[in-house]
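Next come the chains, spelled out residue by residue.
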Amino acid sequence: MEIMGVSATLLATFAGFGLLIGILFGFFGMGGSFLVTPALLVMGYEPNVAVGSGLAFVFGTSVIATLKHRDLGQVDYKLGLLMIAGTTAGLEVGKVGLETLQHMGLADSVVSVAYVLLLGGIGAFVTREALKGDGGGLEHDVEDLDADEAEIPAIAQTIQSYRVWPMIRLRGGYTVSLWLILGVAFATGLLSGFLGVGGGFIRMPALFYLIGVPVPIAVGTDLFEIVFSGGIGSLLYAQSGAVDLSIVVPLLAGSALGARLGAAATALVTEEDIKVYFGVMLLLGALAVAVRQVGGALELPVLNTVSLAIILGAALLVSGAVTYSAVRELRNVPSERAVDVDA
Amino acid sequence: MFGIESLGPTLQAAALVGVVLVEAVVLYVGYGGLEAVFGPSLKRVLQGRCALADVVFRRCPTAENGGGSR
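Chains A and H supply the protein sequences, listed in that same order. Going by my numbering, the first residue of the first sequence is number 27, and it counts up by one from there. Going by my numbering, the first residue of the second sequence is number 6, and it counts up by one from there.
Everything labelled a hint here was simulated from the structure, so no lab data went into it. Some hints could be false.
[Said to hold, decoys possible] Taking beta-carbon pairs under 8 Å as the criterion, some of the chain A residues facing chain H (in silico):
{"no.": "1", "residue": "Ile90"}
{"no.": "2", "residue": "Leu143"}
{"no.": "3", "residue": "Ser187"}
{"no.": "4", "residue": "Arg189"}
{"no.": "5", "residue": "Val190"}
{"no.": "6", "residue": "Phe254"}
{"no.": "7", "residue": "Ser260"}
{"no.": "8", "residue": "Leu283"}
{"no.": "9", "residue": "Arg286"}
[To be verified] Straight line, CA to CA, 20 Å or less: simulated EDC-like cross-link-like pairs of lysine to aspartate or glutamate:
{"no.": "10", "chain 1": "H", "residue 1": "Lys48", "chain 2": "A", "residue 2": "Asp97"}
{"no.": "11", "chain 1": "H", "residue 1": "Lys48", "chain 2": "A", "residue 2": "Asp134"}
{"no.": "12", "chain 1": "A", "residue 1": "Lys121", "chain 2": "A", "residue 2": "Asp134"}
None of the values given here were measured: they were computed from a predicted structure. Note that CB positions come from ideal geometry on N, CA and C, so glycine has one too.
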């Protein structure tokens with residue numbers, strides 16, 4: 027059976043895949059192009075179509091997830107706009123660095139090694155920080171969030187202590203120097219321009235660990251930024267005919283539902299859990315890139331498939347864990363109430 | 006798809022991004038409506054306060070603290 031000239035099975039596959047990615051995207055504010063583009067490449071799509079359609083999908087999903095996070099009060103627009111300004115400048119400089127490496131013929135190997143080190147490094151750091159925490163975690167009810175009670179990482183506290191004029195007041199009631207925000211945004215833009223990735227996996231931990239933004243607001247603000255970067259990116263690719271709506275439309279239909287579930291789960295799952303899942307996701311992502319790189323070096327195409335299997339397995343594992351944790355938290359609510367009544 | 010192939014490259018690109026944006030907003034509103042209608046029932050099922058069959062046959066109490074069946 028065909029719908030608008032596209033096989034119904036293919037549409038259903040894309041919608042199911044979209045659901046999985048949507049949960050991750052809504053929960054972490056990252057993971058779209060990181061998962062979609064390699065999958066499309068393995069399915070035999072041209073690289074420009076895989077990247078262009080991946081970007082268009084990320085744009086649509088980030089619009090939906092940002093709207094949802096906005097409803098939950100988890101988007102800091104002022105911080106988001108400042109981050110866009112700093113990131114754009116960083117992206118341009120990163121692109122120049124990448125082009126220089128391409129002229130030298132070193133781009134592929136340097137970028138792959140940097141990608142694995144960065145993804146693995148952030149993943150190991152986030153997982154270690156989460157595991158050594160007191161286990162209490164923070165609830166993700168931002169309306170009740172008090173900056174004094176929030177667990178601000180030591181690095182962020184040090185950064186916040188540099189009071190270089192002008193100071194900007196952020197959501198949560200704390201103030202940070204404008205230059206520090208722009209500096210962090212520039213650095214994350216530089217890395218994402220250099221690595222040729224969307225940068226959600228760099229920005230989200232940077233917002234939390236370097237600026238001290240609470241995780242739910244870091245996720246919401248990161249998504250707000252992705253709306254702009256994804257929109258501009260997909261427009262550029264669409265001009266060369268590299269956006270395929272028969273991929274984007276069903277993927278988005280599935281991910282819209284997943285993003286809603288993922289964003290709602292951030293209000294239920296504790297912050298320590300989010301950090302562990304995020305860290306595991308990044309570590310598995312680093313492993314997948316490393317396997318693909320080894321496959322390229324040894325000319326073993328089977329390792330590309332192994333790499334994709336690791337990425338898809340990680341997506342399935344982490345989205346399953348997120349869903350399980352959210353349902354477990356939901357189930358705890360009535361039993362806690364019952365204890366209160368008994369007491 | 007969606008009859009935008011006849012437009013020029015720039016307009017076509019803008020229309021493609023527009024289609025994605027409109028789809029995103031429609032899905033957000035549509036799924037939001039579904040969540041408003043079915044969300045509370047689904048939440049009660051997930052919390053173990055009602056069986057799925059009770060929700061389907063509208064036998065699940067809608068009051069926040071469990072209603073009459075408690």
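How the hints compare with the structure:
1. Ile90: 5 Å, holds
2. Leu143: 34 Å, violated
3. Ser187: Violated, about 40 Å.
4. Arg189: 40 Å, violated
5. Val190: Cβ of A/Val190 sits 38 Å from chain H, so the hint is violated.
6. Phe254: Violated - the Cβ of A/Phe254 stays beyond 8 Å from chain H, reaching only about 12 Å at its closest.
7. Ser260: 6 Å, holds
8. Leu283: For A/Leu283, the interface hint holds, since the closest Cβ of chain H sits about 6 Å away, which is under 8 Å.
9. Arg286: Result: holds, 5 Å to nearest chain H Cβ.
10. H/Lys48 x A/Asp97: 19 Å, holds
11. H/Lys48 x A/Asp134: Given pair H/Lys48, A/Asp134 is violated - Cα atoms ~48 Å apart, limit 20 Å.
12. A/Lys121 x A/Asp134: Cα-Cα ~14 Å, so holds.
Checked against the numbered hints above, the structure violates hints 2, 3, 4, 5, 6 and 11; every other hint is satisfied.
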